[in-house]
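J.: Residue numbers (our numbering), protein chains in the order written: chain A, 2 to 422; chain B, 2 to 422.
Where hints are given, some of them may not hold.
Pairs involving identical chains hold if they fit within one copy or between any two copies, as the list cannot separate such chains.
In silico SDA-like pairs for lysine to any residue, Cα to Cα no more than 25 Å straight-line [claimed, not checked]:
#1 K197 / L30
#2 K9 / Q61
#3 K151 / Q61
#4 K80 / P22
#5 K248 / P118
#6 K80 / I328
#7 K164 / Q25
#8 K123 / H226
#9 K254 / S313
#10 K164 / Y23
#11 K151 / S65
#12 K164 / T27
#13 K254 / V187
#14 K9 / D81
#15 K233 / L392
None of these hints come from the bench; they were simulated from the model.
Protein chains: 2
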Amino acid sequence: MKRKKDLKIEIMAVGSELLTPYFQDTNSLYLTERLNELGMEVSYKTIVGDEWDDLVLCIQQALSRADIIIAIGGLGPTKDDRTREAFASVLERKLIFNQKLLQKIEERFKRRGHSMPSVNKKQAYLIDGAEVLENKNGTAPGLWLDTDSKVILLFPGPPHELKPMFDSSVWPKLQSYRKKHTARRVLKITGLTESKIETLISDLYPQEPHARLTTLAYPGQIEIHLTVFSEKNQERAEESICKLEKKILGRLKENVFSTTGEELEEVVGRLLRLHKKNLAMAESCTGGLLSHRLTNIPGSSDYVLQSMVVYSNEAKTYNLGVSADLIEQHGAVSSQVATAMAAGIREKARSSYGLSTTGIAGPAGGTPEKPVGLVYTAMAWDSGTDVVKNLFLGNRETIKFQSTQKALDMVRRHLLKKPGG
Amino acid sequence: MKRKKDLKIEIMAVGSELLTPYFQDTNSLYLTERLNELGMEVSYKTIVGDEWDDLVLCIQQALSRADIIIAIGGLGPTKDDRTREAFASVLERKLIFNQKLLQKIEERFKRRGHSMPSVNKKQAYLIDGAEVLENKNGTAPGLWLDTDSKVILLFPGPPHELKPMFDSSVWPKLQSYRKKHTARRVLKITGLTESKIETLISDLYPQEPHARLTTLAYPGQIEIHLTVFSEKNQERAEESICKLEKKILGRLKENVFSTTGEELEEVVGRLLRLHKKNLAMAESCTGGLLSHRLTNIPGSSDYVLQSMVVYSNEAKTYNLGVSADLIEQHGAVSSQVATAMAAGIREKARSSYGLSTTGIAGPAGGTPEKPVGLVYTAMAWDSGTDVVKNLFLGNRETIKFQSTQKALDMVRRHLLKKPGG
Numbered sequence: 002m003k004r005k006k007d008l009k010i011e012i013m014a015v016g017s018e019l020l021t022p023y024f025q026d027t028n029s030l031y032l033t034e035r036l037n038e039l040g041m042e043v044s045y046k047t048i049v050g051d052e053w054d055d056l057v058l059c060i061q062q063a064l065s066r067a068d069i070i071i072a073i074g075g076l077g078p079t080k081d082d083r084t085r086e087a088f089a090s091v092l093e094r095k096l097i098f099n100q101k102l103l104q105k106i107e108e109r110f111k112r113r114g115h116s117m118p119s120v121n122k123k124q125a126y127l128i129d130g131a132e133v134l135e136n137k138n139g140t141a142p143g144l145w146l147d148t149d150s151k152v153i154l155l156f157p158g159p160p161h162e163l164k165p166m167f168d169s170s171v172w173p174k175l176q177s178y179r180k181k182h183t184a185r186r187v188l189k190i191t192g193l194t195e196s197k198i199e200t201l202i203s204d205l206y207p208q209e210p211h212a213r214l215t216t217l218a219y220p221g222q223i224e225i226h227l228t229v230f231s232e233k234n235q236e237r238a239e240e241s242i243c244k245l246e247k248k249i250l251g252r253l254k255e256n257v258f259s260t261t262g263e264e265l266e267e268v269v270g271r272l273l274r275l276h277k278k279n280l281a282m283a284e285s286c287t288g289g290l291l292s293h294r295l296t297n298i299p300g301s302s303d304y305v306l307q308s309m310v311v312y313s314n315e316a317k318t319y320n321l322g323v324s325a326d327l328i329e330q331h332g333a334v335s336s337q338v339a340t341a342m343a344a345g346i347r348e349k350a351r352s353s354y355g356l357s358t359t360g361i362a363g364p365a366g367g368t369p370e371k372p373v374g375l376v377y378t379a380m381a382w383d384s385g386t387d388v389v390k391n392l393f394l395g396n397r398e399t400i401k402f403q404s405t406q407k408a409l410d411m412v413r414r415h416l417l418k419k420p421g422g
Numbered sequence: 002m003k004r005k006k007d008l009k010i011e012i013m014a015v016g017s018e019l020l021t022p023y024f025q026d027t028n029s030l031y032l033t034e035r036l037n038e039l040g041m042e043v044s045y046k047t048i049v050g051d052e053w054d055d056l057v058l059c060i061q062q063a064l065s066r067a068d069i070i071i072a073i074g075g076l077g078p079t080k081d082d083r084t085r086e087a088f089a090s091v092l093e094r095k096l097i098f099n100q101k102l103l104q105k106i107e108e109r110f111k112r113r114g115h116s117m118p119s120v121n122k123k124q125a126y127l128i129d130g131a132e133v134l135e136n137k138n139g140t141a142p143g144l145w146l147d148t149d150s151k152v153i154l155l156f157p158g159p160p161h162e163l164k165p166m167f168d169s170s171v172w173p174k175l176q177s178y179r180k181k182h183t184a185r186r187v188l189k190i191t192g193l194t195e196s197k198i199e200t201l202i203s204d205l206y207p208q209e210p211h212a213r214l215t216t217l218a219y220p221g222q223i224e225i226h227l228t229v230f231s232e233k234n235q236e237r238a239e240e241s242i243c244k245l246e247k248k249i250l251g252r253l254k255e256n257v258f259s260t261t262g263e264e265l266e267e268v269v270g271r272l273l274r275l276h277k278k279n280l281a282m283a284e285s286c287t288g289g290l291l292s293h294r295l296t297n298i299p300g301s302s303d304y305v306l307q308s309m310v311v312y313s314n315e316a317k318t319y320n321l322g323v324s325a326d327l328i329e330q331h332g333a334v335s336s337q338v339a340t341a342m343a344a345g346i347r348e349k350a351r352s353s354y355g356l357s358t359t360g361i362a363g364p365a366g367g368t369p370e371k372p373v374g375l376v377y378t379a380m381a382w383d384s385g386t387d388v389v390k391n392l393f394l395g396n397r398e399t400i401k402f403q404s405t406q407k408a409l410d411m412v413r414r415h416l417l418k419k420p421g422g
């Protein structure tokens with residue numbers, strides 16, 4: 002393809018299952034992320050089924066509007082897999098049998114102790130002029146076709162076949178189409194609202210014409226996806242993203258808990274390990290989610306000692322030694338009970354930290370004084386306790402999540418203050 | 002639009018954020034589900050950004066290939082919202098100011114104590130000939146345009162605006178395009194593999210030419226999505242789906258845990274409530290997920306007494322009375338320890354049922370004798386105990402999930418055998 006200034010890219014996902022309510026194309030998100038790293042943007046995405054006329058029509062229209070067409074799926078051995086044939090037909094090119102390709106497919110079956118079913122033979126046909134993209138994780142080879150005016154890429158649908166194929170075979174080829182060098186960071190933040198973050202950093206945007214910031218807000222977590230472009234080289238891009246990251250960190254400070262992709266439960270785990278501390282939890286309204294998140298991290302058994310889900314008042318008293326009088330006087334959802342729970346589980350488990358949650362996750366159980374979303378999170382350590390009153394918005398699941406986020410963040414901030422944190 | 006036999010439908014999602022790696026159109030899944038209920042299938046889906054030329058081109062091509070075009074997004078007040086303008090331009094129809102519409106938008110702002118920003122005025126323009134689709138949850142009205150040859154529908158992007166708009170305004174209008182009457186069921190199954198289910202029910206398909214079965218397999222759960230069509234009327238469709246459901250239930254029996262959308266944790270909760278029983282859990286490898294799932298159900302505090310996450314051997318001994326000798330002799334991952342944990346938590350919590358999990362969730366910690374994925378799930382009740390040895394495939398998260406699924410299912414099957422279960 003001749004080099005043009007403004008390349009239009011279309012991603013086309015092929016498969017009738019993608020036109021049902023049950024399945025969704027996710028491959029295009031991965032491809033978009035990788036293309037963006039080259040400074041290339043996607044202009045159109047199309048989803049079409051296996052029906053021949055529909056497929057041919059979509060290919061014709063894609064060829065009329067895009068310079069690079071990336072089609073995904075429909076390279077399998079069944080009669081419904083006709084992406085290869087449809088592109089050949091629209092491009093008026095022959096499908097040519099490739100003996101080497103057949104051998105590779107046969108060998109793949111042989112290695113697993115099977116002989117190749119005859120239907121797979123069609124996967125050894127290539128569009129005239131195309132190059133093979135090797136598939137290390139399946140039988141369907143991919144295909145790269147560079148015509149005078151277009152680049153056409155065909156990928157198999159399964160993500161574990163597509164991703165390595167893109168990375169090993171296509172990524173190097175696309176370097177010559179690279180428009181920019183890019184560097185990326187994801188800053189994960191908790192403890193600040195989206196609008197507060199906006200206020201703190203909005204004046205940084207105009208200073209950075211080569212940067213793009215995308216802010217994604219989730220309950221309890223904000224992410225800033227940062228991309229910096231350089232037309233010169235990769236080092237330049239890395240250099241300027243480091244500068245920009247430093248500026249943003251200077252404004253948002255310890256509210257940023259991760260710049261490397263780590264989740265909050267990983268950060269807390271890493272800090273606990275670093276400081277040779279461990280943790281036990283008493284959960285009421287979070288119902289086990291706090292413990293579930295922490296134990297999703299491999300190796301967490303090194304620092305998670307135990308967790309108790311104590312829903313009933315009796316369980317709070319019997320297991321954690323929270324006095325029945327205290328519950329009677331202040332209610333189970335109170336700063337006093339939260340603190341007693343954290344201290345109680347810490348003592349019981351003989352852990353460095355005790356964490357607790359108690360609140361009203363809803364949808365029922367709220368009162369004007371103690372509405373749905375009122376959650377106390379508390380922490381106990383060797384020389385003190387701390388408790389926070391939170392008022393979360395959302396449904397039962399997001400209130401549970403925000404409560405765990407807050408509890409984890411209390412431990413993180415406490416550990417950060419230690420020498421070496 | 003004139004009635005045709007084979008209507009082609011295209012769903013077009015508009016918005017530059019949908020061409021980034023971060024956002025995905027999910028509205029089309031909802032619309033597809035509802036259209037399928039009318040016997041209408043979607044042929045194409047397109048995703049395009051806010052750029053005028055791209056948008057116009059996609060609209061032109063959609064009009065060339067589809068009879069019904071449903072566009073989503075780009076109806077807001079900003080200068081990037083140009084779906085309305087682009088359709089008007091391609092259709093060569095004027096945008097006509099609608100005073101009534103403006104009043105409604107102004108009133109919406111007034112009710113919230115604001116005055117309408119002037120940018121919102123453009124939302125009061127309608128494509129000539131179109132009908133308004135009222136938006137009860139936002140300012141952007143939708144639009145229905147029936148030309149001689151096409152039906153065009155414009156929806157706002159936020160799902161909480163689109164869904165009620167579709168249901169209240171579009172669903173009744175689409176009745177006249179209805180090709181079939183449909184009835185749907187989702188059968189959720191645990192305890193059988195996909196291939197076993199296939200063997201048990203495959204002979205039922207050919208008997209039912211008007212039915213469509215889609216099987217979705219998740220770790221620990223298989224779902225059969227069942228749709229039955231009738232060209233006559235709704236009653237006929239309901240009647241035949243009941244018959245087919247009965248046949249499938251006759252084959253798969255109590256392995257089907259839900260036909261009404263309920264999740265396994267809801268079914269278990271309902272059965273516990275019905276039989277006035279309650280539950281306590283001792284979790285090792287599931288790390289709180291079992292408790293998290295059960296407590297996601299509102300009102301679960303009625304039957305979930307308490308849960309303990311006991312990762313360390315000491316915590317198992319100290320909290321649950323599992324003897325150190327037993328752990329020494331058989332290892333923490335053993336049927337003996339699982340059973341002792343279930344009995345221990347039941348005794349401690351004085352609950353009707355005690356449930357436990359102990360296993361190797363990975364990725365590390367496996368040995369040839371006790372590989373990653375080996376999980377014991379045990380249950381204790383007033384007159385006995387039961388334990389199952391499982392070997393699950395997958396990563397840490399799916400092994401945790403499958404373990405909770407198995408544990409919940411043990412309680413479910415036990416409760417089903419009780420009178421009235």
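J.: Evaluate each hint against the coordinates.
T.: Consistency of the hints with the structure:
1. K197 / L30: This pair counts as neither: shortest intra-copy Cα distance 29 Å, inter-copy 34 Å.
2. K9 / Q61: both (15 Å within a copy, 17 Å between copies)
3. K151 / Q61: Classified as both; 12 Å inside a copy, 22 Å across copies.
4. K80 / P22: within (23 Å within a copy, 32 Å between copies)
5. K248 / P118: Answer is neither; intra-copy 59 Å and inter-copy 34 Å both fail.
6. K80 / I328: For K80 and I328, the Cα distance exceeds 25 Å both inside one copy (68 Å) and across copies (56 Å).
7. K164 / Q25: Classified as both; 17 Å inside a copy, 19 Å across copies.
8. K123 / H226: For K123 and H226, the Cα distance exceeds 25 Å both inside one copy (43 Å) and across copies (32 Å).
9. K254 / S313: Neither. Shortest intra-copy (39 Å) and inter-copy (36 Å) distances fail the 25 Å Cα cut-off.
10. K164 / Y23: both (22 Å within a copy, 17 Å between copies)
11. K151 / S65: Answer is both; intra-copy 10 Å and inter-copy 23 Å each pass.
12. K164 / T27: For K164 and T27, the Cα distance is within 25 Å both inside one copy (11 Å) and across copies (23 Å).
13. K254 / V187: within (15 Å within a copy, 49 Å between copies)
14. K9 / D81: Close across copies (20 Å), not inside one copy (29 Å); limit 25 Å.
15. K233 / L392: Intra 49 Å, inter 53 Å, cutoff 25 Å: neither.
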